[in-house]
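Okay, here's what each chain looks like letter by letter:
2 protein chains.
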Amino acid sequence: MTSKDRGILIVLSGPSGVGKGTVCKALRSCTPELIYSVSATTREPREGEVEGVNYFFKSREQFQQLIHDDQVLEWAEYVGNYYGTPRKFVEDTLNAGKDIILEIEVQGALKVKQKFAEGVFIFLLPPSMDELENRIVGRGTESEESIRSRMSVAMDEIRLMEHYDYAIVNDRVENACSRIKSIIEAEHCRKDRVVSKIKQWMAEVN
Amino acid sequence: MTSKDRGILIVLSGPSGVGKGTVCKALRSCTPELIYSVSATTREPREGEVEGVNYFFKSREQFQQLIHDDQVLEWAEYVGNYYGTPRKFVEDTLNAGKDIILEIEVQGALKVKQKFAEGVFIFLLPPSMDELENRIVGRGTESEESIRSRMSVAMDEIRLMEHYDYAIVNDRVENACSRIKSIIEAEHCRKDRVVSKIKQWMAEVN
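If you're matching them up, the sequences are chains A and B in order.
Take the first sequence: its letters are residues 1 to 206, numbered as in UniProt numbering.
Take the second sequence: its letters are residues 1 to 206, numbered as in UniProt numbering.
Treat the hints as calculated values from the structure; they're not laboratory data.
A hint or two may mislead.
Any copy will do: because identical chains look the same in the list, a pair fits if it lies in one copy or spans two.
Cross-link-like lysine-lysine pairs, in silico, DSBU-like; alpha carbons within 35 Å at most [stated by the list, open to error]:
1) K197 with K88
2) K58 with K197
3) K199 with K58
4) K25 with K199
5) K115 with K25
6) K98 with K113
7) K113 with K191
8) K181 with K115
9) K88 with K111
10) K113 with K25
11) K113 with K58
12) K113 with K181
13) K58 with K115
14) K113 with K88
Bound-form chain A, shown alone (with noise of 0.2 Å):
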């Protein structure tokens, strides 16, 4: 029943230091079949980096182009540079009855959610505060001040975890990459998935 219905959009988010990258990497792995949004950027391609893999390389005037046409769920500008997330990839990947996963910081998340509020949006919480902070310290890096800046920051995104469908504890990788696996799997049992479906049944057999 899967395979010919439309995909789901699975935007995975959660405060910086909470592991969202080590999550996605894991999932890559484990669940080959879903596939991982692309992002557009305005900065030149790196030695090795391929177009539509890696990113897709846009000129200043096309990616403002894109934002004029609504052509991007969310986007944002560092060091002169842009980066967002291009529609089409996500509308045609759906399309093609695969589900699709982007990960990305907090207000990214809610950004997508104004404009694609059918995705299923997933909040990666820490096993713990103090977990939180021994990761953000564990960095090595930071002085006592930055430290907590940066936990003052986490605690604000945690907050903004209301907005989202579902909240998991990336107590262990394996843990929260099976969770995400049953959210997916559970969202295309929604009964407001399936139901347009068995109403071409009962038309059928009438």
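Given chain A, work out where chain B should sit, using these hints.
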């Protein structure tokens, strides 16, 4: 995190002939931690039946008192005996942090929903309407008229799917079990179930 949380009531329902009993039996072997709701009845215990395992055996007066005290989530009378789902066993299991599953026909499930809207309601579907007819015919004991009548009842029951949270296809028993397990894991990750715990953390840190 799950162990200290309140458990979830899972209600598994679906049209007659869809294989609810078979799926539930398979679930028992693959998810031993899941508790099964035990019904109350006024009929006499049969040989080997154990109080609190097969049924809670009650007198008519006791059962009527339970109904009066709103202590049954649903009940019905068959051949002069009451059958129903006692609220206390469900509540005690949930308060102990364990999930409990109730297998029940479609009308009974909707009654449970009226009293226990926080349950997770799963509708089991046949792989197709043809397959449902095969299963009903396959019992081999029914006249053509009886088959038509049973199919018509099944269609009416499938229309009630809209009141459920999830709809899963019973194409293979193992697949149906996997979907139910995923739904249970995903439901434990729903933001609303996690948020109170997180607010507690935040308060401790501040």
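Inset, instruction - Please name the hints from earlier in the document that this structure breaks, with their numbers sorted from lowest to highest. - result: 2 and 3
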